[in-house]
Amino acid sequence: MNPDCRSIRDRISNAISDTLPEADERALREHLDGCADCRRYAQSLAQEHASLTEHFAQIDAEMAARRSHVLRALDDVWQSQQRNVFAIARRILSNPVTRIAAAILIVATVLALWQMEGGTTAAYALSDVPKLLKQARTIHLRRRHFPNGQVVHLEDWWDSESGGAYHYWEWPEYKQGPNGLQSMKASFETVKNGRFIMEVDHQNKTVRFERLLPVEQKLQKHLMAKDVASIAVPGVFQYLDRYTKIGTERIEAERYDVWRQEYRDVEADIGIRFDVWLSRRTGEIGRTRRWENWHKYGHGWQLASETDKIELDAEPPAGLFATEPPVGYTMENTKDTADITGAGFRTCRYPEGCEMRVPFSLALEEGSVLICWNVVCTPSLAPAEAVYDNLTFGGPLPQPPAALCGLMSISGGNRGRYGSVAFWDENAAFTITHYVGRYLMQTRKADRVYVWALYTPQEMLSSEEPTKETIAVIEPHVTDPNATRIVTPPLTSWVVTRARFAEYLTEAMPELSEDLTLPDFMAYNSLLQLAGQVRNTPGLYEDFRARMRPVEEGMSSDPRPAEASTAESIPPEMASGQVKEVVHGLFAAMHEGRTGDAMEMLKNDRRMASRVAGVMSRSTRLGNIRIEDTYVQDNAALAVTSTFKIAEGQSRCAVISLRRDRGTWSIQHFTWTTAENHDQEIGRFLRDFPKATHFSEEQER
Amino acid sequence: MNDAVDDNAVQACRQGDKAAYATLVERHYRHVFALCLGMMGSVHDAEDLAQEVMLRGFTNIRKLSDAGRFEPWILKVARNLCLDALRRRKRLKARAAERAVEQAREPHGNHDLERAIRRLPMELRVPLAMYYFEQKNAETIATMLNISHSLVCQRLRTARHELHALLTEGDHDEP
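Note that the protein sequences, when read in sequence, are chains A and B.
For the record, in the first sequence the residue sitting at position 9 is 9 according to the numbering used here, with numbers rising by one throughout.
For the record, in the second sequence the residue sitting at position 135 is 1135 according to the numbering used here, with numbers rising by one throughout.
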């Protein structure tokens, strides 16, 4: 060993832990080329490094069992604490003197409590909660969500008398800064005073207003009451019977019954659990918690959100529902220039550059829905005037860049993202009803064109509910080849009687039309007549169903992708090439700091999307990643990358699973793993797809 | 830094919510185990002590003054329990019989490696366990142990060199 060897051996160790500066790598290589001792030493150290990794991985493999053991031991401690309480009780009861004293004490306590309660024994159960929430004049909620270990603070106030609502949320956000991604606080406020909605973005210091028509103000009040109550106690109106009482617990001085419901989100493969703490004495809800169990990650139940303040009839802070913009903020518009929006439909920004609004909608008692919609696009996408020419009452709808081409409603349960049903019901039949849209008229006001259309289901659908929920289907008519998807936001409308119909419509006209007169054909009877004609027109529903098929396939009750049915299989070589392109695209986005693009590609794996955001700022070598292996079977694929450095001293390879749907590959799961452990991930994939074809970079060379 | 999830769970636990402590176990058992493993050098000792630490945490949760700082608190409990155990072990080691018992308890396949790790001094073993078991980088280890980054790198280097020397004792092809 020459004198240099000692310092070289430190460098060998640094190289193993990836902490050797690049400048020293060359010197190390040159020394190793000429020094057999150090070469042998480097080989030994590398082997020992591999052994250490394996040794600790073996220890790690039993962590879940160890944790369970600890939890069982905790249970024992807990039980023994409880037993101690009983042992004391037994000792008291074994002595006649202490027994009598205890009996006197118990009777005295019961009497005192009875007096405190005013001589009554109040007993609230969870079934009383809907009534309590409905009767509340105000509801105040303070919540926290915990996505990926971060904390999102939310606060809501709702005043049933004034229709005022206040929603605040604050969360840490990552933004591209001069030194990579930086964490910063983003906070927003939404204030509704009935007529106006004020959106305040505290991060960018901007304010934007929207305005509601009178009928939509009433709808908003109705919907808000339901929404706030459902946030306070999840599933309070539809799924209360799914809760069971699991025990009691004391929070500060009050004793609460703890109620729990649990279900499985089939699509995301997560277990969801809600716990509600309800005081039997006062009916007060002390706390609610939502837990999630992401089975595919094996983390067990984790707290996803908590509402720790649920106040009924508290006095809101003065001026909370005032829609006065904060001083110094940029006004994107004013109350006078605010767009008219609907309470039952969130503005839909699709396709890129277009905004679809539904300022007014009503459902007829026989099931059809009258909708007034309006599309605003950027100048480059603005529709030619001719789009709105030559349209006839009862004829096809116009085709601006975004058109509300039809409606659907779903019974029996659906995915959360379609909005209309919040819970997946595994036992219910899944049926879809289609509503064909026909043109009625158009009105113009302040440079806006409003399209009025009637959407009719094939069968008459009367409803006992005061509102009707449907899913709006937005069809893009643009040249962008990517804008082929049809998106489906939920839409809620009042169910209106014949008597009130003309009143609501007349009330809306001044806001939506320069011409205040309501055409005769917009009468209730005319619309019923048109609905009848639509139902009897051959081919209309068949055409619409055919156009909706791709959307419905996405809603299929089977959470696994409908591989064979959605697209024809392609040769595995071609599939492997396409998969590599997608994965390279992801890493290019990460390497170039295009956070939005990377997040979009990881939208099916929300947890990983967030983790990737964190890593993007630290990774400097993502651009050089190679895809070493791909496994392809039909419309499923797995890609395994070369090892890369994600942080100092930490190297990983990525194992990415993809699915092909309607000819497009999308990333389902993204896992970082050590090179030693990636076999497990591949094994899991091969268990599901045993006939997968394997392509390796080495073969291709 | 305060952790809201911990804060919340600790508060709930103080109110008698046993399930809330399960959340704390889920979140922190691994760190506690890693520290015990590093300090004790033996998986069995680490298992026993990490369990003891979590149980003490449960029974003494009311003593934690800042509910949002559960992790530093529980790691301190772990460190103290390990130091006590090491002191006890030192006394016991004086007895020859103990050594035989210790050797009979070797649990994992790679006996030489485990024995070599146990023979490392604690200040080298702790960063080694954090690096390989917890897969923390040197910077994080430095923060957790409150020592400099360069010192962590140096200890990892020394640990590797010493392990190599221990594993190749008796071989003659290495200096």
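Calculated directly from the structure, the hints in this document are not laboratory data.
Predicted, not measured: the structure shown is a model, and the values here were computed from it.
Hints are not guaranteed to be accurate.
[Said to hold, decoys possible] To list a few chain A residues with every Cβ distance to chain B over 12 angstroms, as calculated:
hint, residue
1, Ser17
2, Ser68
3, Asp201
4, Asn204
5, Leu240
[Unchecked claim] Chain A regions said to be covered by chain B (calculated; three or more residues, Cβ under 8 angstroms):
hint, segment
6, 223-235
7, 451-463
8, 519-532
No residue lacks a Cβ here, since even glycine has one placed at the ideal position from N, Cα and C.
Against the structure, the hints come out as follows:
1. Ser17: Incorrect as stated: the minimum Cβ-Cβ distance to chain B is 6 angstroms, not above 12 angstroms.
2. Ser68: violated, 10 angstroms
3. Asp201: holds, 23 angstroms
4. Asn204: holds, 25 angstroms
5. Leu240: Answer for leucine 240 (chain A): holds, closest chain B Cβ roughly 22 angstroms.
6. 223-235: As far as the segment 223-235 of chain A goes, the hint is violated, because 0 residues have Cβ atoms under 8 angstroms from chain B.
7. 451-463: This one is violated; 0 residues, fewer than the three required, reach chain B with a Cβ under 8 angstroms.
8. 519-532: It is violated: at least three residues are needed, and the segment 519-532 of chain A offers just 0 whose Cβ sits closer than 8 angstroms to chain B.
In this structure, the hints that do not hold are numbers 1, 2, 6, 7 and 8, in rising order.
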